[in-house]
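**Q** Using the sequences and the accompanying hints, generate a full structural model.
So the sequences go chain by chain: A and B.
The numbering of the first sequence is the working numbering, which starts it at -15 and goes up by one.
The numbering of the second sequence is the working numbering, which starts it at -15 and goes up by one.
Warning: the hint list may mix true and false statements.
[Stated by the list, open to error] Keeping only pairs whose Cα atoms sit at most 30 Å apart, straight-line, the calculated DSS-like set for lysine-lysine is:
id: 1; chain 1: A; residue 1: 66; chain 2: B; residue 2: 145
id: 2; chain 1: A; residue 1: 10; chain 2: B; residue 2: 145
id: 3; chain 1: A; residue 1: 145; chain 2: B; residue 2: 10
id: 4; chain 1: B; residue 1: 5; chain 2: A; residue 2: 145
id: 5; chain 1: B; residue 1: 66; chain 2: A; residue 2: 145
id: 6; chain 1: A; residue 1: 145; chain 2: A; residue 2: 10
id: 7; chain 1: B; residue 1: 145; chain 2: A; residue 2: 145
id: 8; chain 1: B; residue 1: 5; chain 2: B; residue 2: 19
Don't read these hints as lab results, they were simulated from the structure.
Computed from a prediction, not measured in an experiment: that's the story for all the values here.
Protein chains: 2
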Amino acid sequence: MSITMYQASVPQFIRMLGNLKGILEKAAAHAASKKIDETVFLGARLFPDMFTLTRQVQLATDFARGTAARLAGLEPPPVEDKEQRIAELVERIDAAIGYLQTLPAAQIDGSETRQITRTVRGQARTFTGLVYLIQYALPNFYFHTTTAYAILRHNGVEVGKTDFVGTFA
Amino acid sequence: MSITMYQASVPQFIRMLGNLKGILEKAAAHAASKKIDETVFLGARLFPDMFTLTRQVQLATDFARGTAARLAGLEPPPVEDKEQRIAELVERIDAAIGYLQTLPAAQIDGSETRQITRTVRGQARTFTGLVYLIQYALPNFYFHTTTAYAILRHNGVEVGKTDFVGTFA
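**A** What follows is the structure, encoded as C-alpha cells:
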C-alpha cells in the first residue's frame, strides 16, 4: 500500500493556493476598510533583505506550477512578474490553479524515479522525483506561502491559521 | 509505482528538524556575539497574538512526533513545555529526532487508509492517514518551522533559506 506522487502534490497545491487567495482577499478587504493603500502590504517584508509579499506570492505560485509540471515531464508556461495590485496576485493564483487542474494524475504518477534537474544555489542539481518533491519543492512551497501569511499577520491583517491550513476534504 | 507514507513523512521531518536546530544554533551564536540576551529571541513574536519562537519550535516538534506516531498507530510520549533557553529547545529537537528514528518504516507504511481522530478547532475530526498527513500535518509542521525561521530573520539573525531547506540526500 502506498500513495501516489499526484496525491502528494497537485491537489494539496490547489488547496493551499486557494487558501492563500482567501488570505489575500481578506487583506484587500482590510486595506479597504481601514483606508490603507494596499500597495503597502504588497511591498511589505519581514526584514530589509527578505522578499516582499508580492514576491512571496509569485514564488508560491511558481513552485506549485513548476513542481507539478516537472513531475509531469513538462516545463510550466512562463509567467511575467508584473503584479501591482492584490487583485492581480489573485489572478495569478487562479491561473496557477487552472494550470494545475490541466495536469492529469496519470502523467504525474510514477514520477518518483523521474530525473529532474534544477539549478539550486547556482549549481545544476539532478533529483529523483521523490527527493525533488519531498525535500525541495514542498519545503519551498510552504516556506513562501507561510511567509506571505506572516507578512500580512505582522501588518495587522486579521487572519488565522485556519485561513492558512483550510478545511479538509 | 508510488511512494510510501514513511517516505512522505518521517525522513523529511528528521531533516527539517535538523535544519531548525542549525538555525537555533546560529541564533544562539548571534546572541552571544552581539551580547543579546537570548531569551529576547525566545519570547519574540511577529504580532502580539501570535506564538513566540519557543512555542513555534515546541509545536514543530510536536507535529513531527505526533504525526509520525499516529500514522504508526501510537500516541507520542508526552513532553513538558518548559524550555527556557535555546539549548533546551535544541535538546527537545534532538529528542524528537531520536523518537522519530525509533519508528520503523513498516509500521507507518500502509497508514494512508488508517483512521486517525484529532481535535481540530475544538471538534473531533476523523481523517484517513493520507488526508491527515498531506492536508493537515504537513501544512502545520511547515507553518511552525517557517514561522520560527521568520521570527529569527525578523530579529536580524543571519540565516538564509538554505538553512531552512537544507542539503539534499
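**Q** Work down the list of hints and note, for each, if the structure agrees.
**A** Comparing the hints with the structure gives:
1. At roughly 24 Å between alpha-carbon atoms, residue 66 of chain A and residue 145 of chain B fall within 30 Å of each other, so this suggested pair holds.
2. The hinted pair formed by residue 10 of chain A and residue 145 of chain B meets the criterion: a straight-line CA distance of about 27 Å does not exceed 30 Å.
3. Under the criterion of a C-alpha separation no larger than 30 Å, the hint pairing residue 145 of chain A with residue 10 of chain B is consistent with the structure, at around 27 Å.
4. With a C-alpha separation of about 24 Å, the suggested pair residue 5 of chain B and residue 145 of chain A falls inside the 30 Å cut-off, and the hint holds.
5. Between residue 66 of chain B and residue 145 of chain A the CA atoms are separated by roughly 24 Å; this keeps the pair inside 30 Å, and the hint holds.
6. A hinted pair counts as satisfied when its Cα atoms are at most 30 Å apart, and residue 145 of chain A with residue 10 of chain A qualifies at roughly 13 Å.
7. Only pairs whose Cα atoms come within 30 Å are accepted, and residue 145 of chain B paired with residue 145 of chain A is accepted, the gap being roughly 22 Å.
8. With a CA separation close to 21 Å, the supplied pair residue 5 of chain B and residue 19 of chain B stays within the 30 Å bound.
Of the numbered hints listed earlier, not one is contradicted by the structure.
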